[in-house]
Amino acid sequence: MTGDTTDGQTESATDSDPGDVATDGGDEAAADGAGIVPPDGETPTWSERKQRSQGLSRLTYEYFERSRREDQDLRQQSSYVERDVLAFPTWPHETVRNLALMSFFVGMILLLSALVPPHLPGPADSGSTPAVILPDWYLYWSFGLLKLGPLNPDLSLLGGQKLMADRTYGVLANLVVVGAVAVVPFLNKGSARRPVEQPFWAGVGVMGVVFAFTIAVLSVKNLVSMDSHLLFDLAFLAPIVCGIIAYSVLRAMREGYMFDLNRRYYRLRPPK
Amino acid sequence: MSIERKDEHDHDAWMEERDLTALESIYLSVLIWFDKRLRIVDYLELLEDLYYKVNMQMPKSHTEQYNLDNKFWYWYPLYALGSFSTIAYVVAAISGALLGFYYAPAAAAADGTPSVAYESILFIMGDLNLGLFLRSLHRWSAQIMVAAVFLHMLRVYFTGAYKEPRELNWIIGIVLISLTMVFGYSGYLLPWSQLSFWAGQIGVEMSLSIPLIGEYVAQLLFGGFTPGQATLVRMYILHVFLLPFVVTTLIAIHIGIVWMQGIAEPH
Numbered sequence: 457m458t459g460d461t462t463d464g465q466t467e468s469a470t471d472s473d474p475g476d477v478a479t480d481g482g483d484e485a486a487a488d489g490a491g492i493v494p495p496d497g498e499t500p501t502w503s504e505r506k507q508r509s510q511g512l513s514r515l516t517y518e519y520f521e522r523s524r525r526e527d528q529d530l531r532q533q534s535s536y537v538e539r540d541v542l543a544f545p546t547w548p549h550e551t552v553r554n555l556a557l558m559s560f561f562v563g564m565i566l567l568l569s570a571l572v573p574p575h576l577p578g579p580a581d582s583g584s585t586p587a588v589i590l591p592d593w594y595l596y597w598s599f600g601l602l603k604l605g606p607l608n609p610d611l612s613l614l615g616g617q618k619l620m621a622d623r624t625y626g627v628l629a630n631l632v633v634v635g636a637v638a639v640v641p642f643l644n645k646g647s648a649r650r651p652v653e654q655p656f657w658a659g660v661g662v663m664g665v666v667f668a669f670t671i672a673v674l675s676v677k678n679l680v681s682m683d684s685h686l687l688f689d690l691a692f693l694a695p696i697v698c699g700i701i702a703y704s705v706l707r708a709m710r711e712g713y714m715f716d717l718n719r720r721y722y723r724l725r726p727p728k
Numbered sequence: 060m061s062i063e064r065k066d067e068h069d070h071d072a073w074m075e076e077r078d079l080t081a082l083e084s085i086y087l088s089v090l091i092w093f094d095k096r097l098r099i100v101d102y103l104e105l106l107e108d109l110y111y112k113v114n115m116q117m118p119k120s121h122t123e124q125y126n127l128d129n130k131f132w133y134w135y136p137l138y139a140l141g142s143f144s145t146i147a148y149v150v151a152a153i154s155g156a157l158l159g160f161y162y163a164p165a166a167a168a169a170d171g172t173p174s175v176a177y178e179s180i181l182f183i184m185g186d187l188n189l190g191l192f193l194r195s196l197h198r199w200s201a202q203i204m205v206a207a208v209f210l211h212m213l214r215v216y217f218t219g220a221y222k223e224p225r226e227l228n229w230i231i232g233i234v235l236i237s238l239t240m241v242f243g244y245s246g247y248l249l250p251w252s253q254l255s256f257w258a259g260q261i262g263v264e265m266s267l268s269i270p271l272i273g274e275y276v277a278q279l280l281f282g283g284f285t286p287g288q289a290t291l292v293r294m295y296i297l298h299v300f301l302l303p304f305v306v307t308t309l310i311a312i313h314i315g316i317v318w319m320q321g322i323a324e325p326h
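So the sequences go chain by chain: A and B.
In the working numbering, each residue carries its 1-based index in the first sequence increased by 456.
In the working numbering, each residue carries its 1-based index in the second sequence increased by 59.
The set of hints was computed from the structure by calculation and includes no laboratory data.
Hints may contain errors.
[What the hints assert, rightly or not] Now the stretches of chain A that chain B is said to cover, found in silico as 3 or more residues with beta-carbon under 8 Å:
#, region
1, 581-589
2, 634-643
3, 655-669
[Claimed, not checked] If the Cβ cut is set under 10 Å, some of the chain A residues that face chain B in the computed set are:
#, residue
4, E521
5, L568
6, L602
Beta carbons: idealized from backbone N, C-alpha and C, even for Gly.
Make a model of the complete structure from these sequences and hints.
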């Protein structure tokens with residue numbers, strides 16, 4: 457029952473059983489007349505309020521209505537056999553699957569930390585520089601990028617001067633790497649997902665991963681017993697070589713792979 | 060008109076007429092008590108939705124639909140890497156909060172004598188019951204979180220999962236991976252051991268090498284041009300106060316977006 461005063465009263469008095477009157481309990485409120493003003497014909501509903509509103513809120517409302525209609529149209533036109541979401545649901549399917557793996561994983565963390573306790577070096581001493589200064593392993597790549605001094609070009613325009621100090625160059629290299637990773641989605645578009653479908657970007661990825669390793673090796677001096685200049689050159693050549701190899705292999709695989717994939721894929725889902 | 064407020068919907072009369080058992084009436088009274096105050100009914104729909112989704116039949120995934128699944132099951136651990144890093148973060152947060160009871164970021168001399176901070180780490184590792192395990196757990200979960208985050212990024216890259224609707228989450232992910240490394244770095248400095256000190260030295264030099272604002276950055280982050288007491292306290296506040304709030308919020312947003320958009324399946 458709604459909380460109407462006059463309408464509710466007459467209605468419950470005429471065609472409702474006494475129990476309903478008790479649940480309504482509207483007698484007192486109605487006699488009182490004060491309190492909540494009942495909605496009448498003049499009072500706009502919430503959706504009417506939304507429609508009547510002006511400016512940006514009006515625009516938002518119109519856009520949402522429109523996009524809802526678009527979704528509806530797409531759903532009606534669609535001849536897809538599959539469900540109408542374009543991804544795997546996070547809850548509960550992926551979450552439940554992950555929980556099983558995660559419980560195992562937490563056990564592994566506990567086991568590992570019980571078996572391999574951390575090492576604590578001596579207390580800080582600015583007087584004695586340790587033979588090996590290294591950050592944690594996950595910062596090796598960044599540490600290696602700080603040692604790019606030999607790549608810093610000395611410009612003849614400035615009379616053999618370098619445009620920026622070597623260490624500024626190293627910090628800048630870090631920013632360039634992070635920035636390059638950040639813009640990937642805006643450069644690589646399209647619906648290709650697998651490495652075989654996009655050999656170039658897979659090659660770029662392999663190059664990046666290998667470079668992260670080689671620059672880490674470079675940052676840990678004396679890890680590889682090799683001439684330091686040769687090591688420096690290899691740190692930049694190896695990623696390129698690996699990237700090209702990955703690219704060519706995937707490129708060679710692509711045709712046969714895509715044929716196989718398309719045969720199953722497009723039979724059920726014809727291209728638009 | 061009495062001063063006592065009337066029960067607008069006269070729940071008592073309604074309950075009497077229903078002829079309930081004792082258990083039912085107690086349950087209902089409690090429910091009504093809460094519902095009057097919190098209006099639970101508004102949230103009931105959300106709970107129902109979760110409940111029915113658990114019991115919902117699993118829809119055929121893209122890979123199943125197109126019979127690509129035979130070769131995919133062993134990829135699933137790679138799709139759990141994000142969850143791994145989250146759970147490792149939770150483990151690190153819990154063990155870190157416990158370590159915080161015993162650690163003091165104080166008296167950071169750099170003359171080779173053990174500082175208060177260093178002594179507190181020694182106490183945790185040597186004397187505290189389960190302290191060695193606790194520190195080990197904190198360190199390992201942090202290491203594993205970073206590793207899982209890196210591998211997660213590689214998985215997302217090589218399966219093209221950063222593509223169209225998900226660019227924003229890729230950017231948030233990059234911010235998160237960077238902050239994770241800052242987390243690791245600031246934690247690395249806290250024991251104030253030799254390696255901590257010299258890692259701090261590298262950090263100071265990195266910030267000093269930024270053109271124009273380098274000195275301000277070094278002052279702000281490290282409290283000076285050589286690692287000392289100020290550096291330790293700043294790293295401590297960064298590690299236990301600023302970063303936890305920022306990173307937790309970002310992780311929540313990151314996962315929330317994944318939730319809204321669904322898991323990008325291999326195509």
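Hint by hint, here is what the structure shows:
Judged by the Cβ-Cβ criterion of 8 Å, the region 581-589 of chain A is covered by chain B as claimed, because 7 of its residues qualify and three suffice. With a threshold of 8 Å between beta carbons, the proposed coverage of the region 634-643 of chain A by chain B holds, since 6 of its residues qualify and at least three are required. Check on the region 655-669 of chain A: 4 of its residues sit with their Cβ under 8 Å from a Cβ of chain B, so the three-residue criterion for coverage holds. With a cut of 10 Å, the hint placing A:E521 at the interface with chain B is violated, because the nearest CB-to-CB distance is about 20 Å.
Hint status for A:L568: holds, given a least beta-carbon distance of 5 Å to chain B, under 10 Å. For A:L602, the interface hint holds, since its Cβ comes within 10 Å of a Cβ in chain B; the closest pair sits about 7 Å apart.
Checked against the numbered hints given earlier, this structure breaks only hint 4.
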